[in-house]
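S.K.: If you follow the hints, you should be able to join the two separate chains into one complex; please do so.
Protein chains in written order, with our numbering: chain A, 1 to 179; chain B, 1001 to 1124.
Among the hints, erroneous ones may be present.
Label pairs and their in silico Cβ distance ranges [what the hints assert, rightly or not]:
no. : chain 1 : residue 1 : chain 2 : residue 2 : range
1   : A       : R58       : B       : T1076     : 33 to 39 Å
2   : B       : M1056     : A       : V86       : 53 to 59 Å
3   : B       : V1045     : A       : L10       : 33 to 39 Å
4   : A       : E87       : B       : L1053     : 53 to 59 Å
5   : A       : S119      : B       : D1006     : 18 to 24 Å
Quick partial rundown of chain A residues pointing at chain B, CB under 7 Å, derived from the structure [to be verified]:
no. : residue
6   : L19
7   : R21
8   : H23
9   : V28
10  : V86
11  : E96
12  : W133
13  : T137
Since the hints were made in silico from the structure, they are not lab data.
Please read all numbers here as calculations on a predicted model, not as lab measurements.
Ideal placement from N, C-alpha and C gives every residue a C-beta, glycine not left out.
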Amino acid sequence: MRANGLFSGLLEREEIERLYREHSRVLVLFACATLGERARAQDIVQQVFLRLMERPVRRPDNPQAYLFTAVHNTARNEMRSLRRMVELDETQPWFEEQCLDGVAGDVVSEQSLRRALWSLPEEQRQITVMHIWGELTFPAIAEVLGINANTAASRYRYALAALRQQMAPGRSTQNADSR
Amino acid sequence: MQIPDDDRQFEAELRRFAPRAAEPLPPIRIIRVRWRVPVAVAATVLAAIGTILWHMHGTPGPGTVLPADVSAGEVTLGRAQAAVAQSPSFEAAIDGLEQASRSRTKPKTHKNQSALQALGREEL
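For reference, chain B alone in the conformation it holds in the complex (with noise of 0.2 Å):
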């Protein structure tokens, strides 16, 4: 190649060497799959956590042994689903935790007094 002088030619021979051709683009499909299959599996382990934590610490599932006494201590949705499905009606399951609730309810004493006592000092 002979070199001339003028730039514009110049250019023009050095445009006559052609960029060699680039690799096609991989499919994008196998690009997503990296970070999906991660993504999901994180995903389906946290759930699974998630499941197992909520059936430890939450409403008691369908296979839970629940006490005998449901009614004893503080009234939970457990206690509360567990009344319902032993009693014949929902108001009857209602009215028997009130009951219980009430019976746990204490008359406020003194240091000195006994609970009966109170009672007695109690109006009626």
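Bound-form chain A, shown alone (with noise of 0.2 Å):
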């Protein structure tokens, strides 16, 4: 696990449950965004902060850029063991259950938005997951990714531009028809 700047004093475990109930969301998220399955994903982060308390680490100087380090490892890790290409479990939604009434009576559902997600390369997803939802600086996510800060930038805005293409109006229902 990489560490994130400069480090001051233990995490404390009221901390660490502090730190759960603010990012696991978005860190579930992030993780479904790897592996494609919410209760996997759900899995790994639980890992990753009972890990935490079981073994006390330094104050992180950007403790979400930590969890998003230690989920994307985690994650990563348990792809290896899988052994197999990674799908979208259609079962499970990402977000809550809502759909966006939009103008023009068209309607963005959560399917849809996790259907165009998982549509994109793995690490546009992690990258797209981390600015929008856990809201990472792209210097910050450059570090979860060990990519270069510009590059981070760069594959957002394909990503972005991706998106909105397959969000466009009428695509949504044209993808669920295919389907």
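M.R.: This is the structure in structure tokens:
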């Protein structure tokens, strides 16, 4: 697990629980974007936090980026142990069940967003989740993924363009029909 | 949802989808039990094996039957304890062990000499 920035003191149990309350939603989403399966993603995130509780670490300078790194590494290990291509689990939603009613009667469902995200390359999915829902900066994202910050920003732009195309009016219905 | 041309507006639209809440963390105590129990069992088994081995090869315990002549053979901790137990005093036990040890000391002999011949040549 890579360390992020400067450290000060050990992470207390209460602090770890608070971090879980604050960031577990987006960390599970991030793991979903890697593994495609919510149940497995949930396990990965819990593993990371329980490990932190059992073996206290020094307080990272950017705890959120540290947690993303930990989840990323654990998810990568899980993928290696699976020894197969990961697929999107259609049964478990990643987002709160809601439909955003848009202008001109066009509706984007949770499922169509999930499918649009999954259609992106893995790294673009991860960058999108970290930037949009995790609100991480590109330098922080770059540190998590071990890439250049400019590369992260560039891949994010590609991802956003692809998402926009996937979720364009009428596109979600076509996707649903085609499946 | 109308897909806005502006990236920031599109991001804001995407953020309206909230990630689902995660399951609460399981109690840490249960997780710790997973490794604590096997470790405790292993430690107990090791301690039991160690105790058995110690009793077999180490100091004789209170129930151990000692040979009748505790002074025979080398002076060991077990024999010393037995001698102390059988003698009226500690000094007497030590004297007894010393004498037994001396009695076992044989004079150096050459190949063709008997022990008596060798003793006859010893200077007193």
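S.K.: Next, verify each hint and record whether it holds.
M.R.: A quick look at each hint next to the structure:
Distance hint check for A/R58 and B/T1076: the Cβ-Cβ separation is about 54 Å, which falls outside the suggested range of 33 to 39 Å. At roughly 57 Å, the beta carbons of B/M1056 and A/V86 sit within the given window of 53 to 59 Å. In this structure the supplied range 33 to 39 Å holds for B/V1045 paired with A/L10, their Cβ-Cβ distance being about 34 Å. Distance hint for A/E87 and B/L1053: a CB-CB separation of about 56 Å, consistent with the stated range 53 to 59 Å.
Here the CB-CB span from A/S119 to B/D1006 is close to 22 Å, well matched to the stated 18 to 24 Å. With 7 Å as the threshold, the beta carbon of A/L19 stays out of range of chain B, its nearest partner Cβ sitting at about 11 Å, so the hint is violated. With a cut of 7 Å, the hint placing A/R21 at the interface with chain B is violated, because the nearest CB-to-CB distance is about 9 Å. The beta carbon of A/H23 comes no nearer than 9 Å to any beta carbon in chain B, farther than 7 Å, and the hint placing it at the interface is violated.
Taking 7 Å as the C-beta cut-off, the interface hint given for A/V28 holds, the closest approach to chain B being about 5 Å. Contact between A/V86 and chain B, as hinted, is not supported at the beta carbon level, the nearest pair being about 19 Å apart and thus beyond 7 Å. Checking A/E96 against chain B by beta carbon gives a least distance of about 5 Å; that is within 7 Å, so the hint holds. Given the 7 Å rule on beta carbons, the hint for A/W133 holds: about 6 Å separates it from the nearest Cβ of chain B.
For the restraint placing A/T137 at the interface with chain B, the shortest Cβ-Cβ distance is roughly 14 Å, beyond the 7 Å limit, so the hint is violated.
Checked against the numbered hints above, the structure breaks hints 1, 6, 7, 8, 10 and 13 and satisfies the rest.
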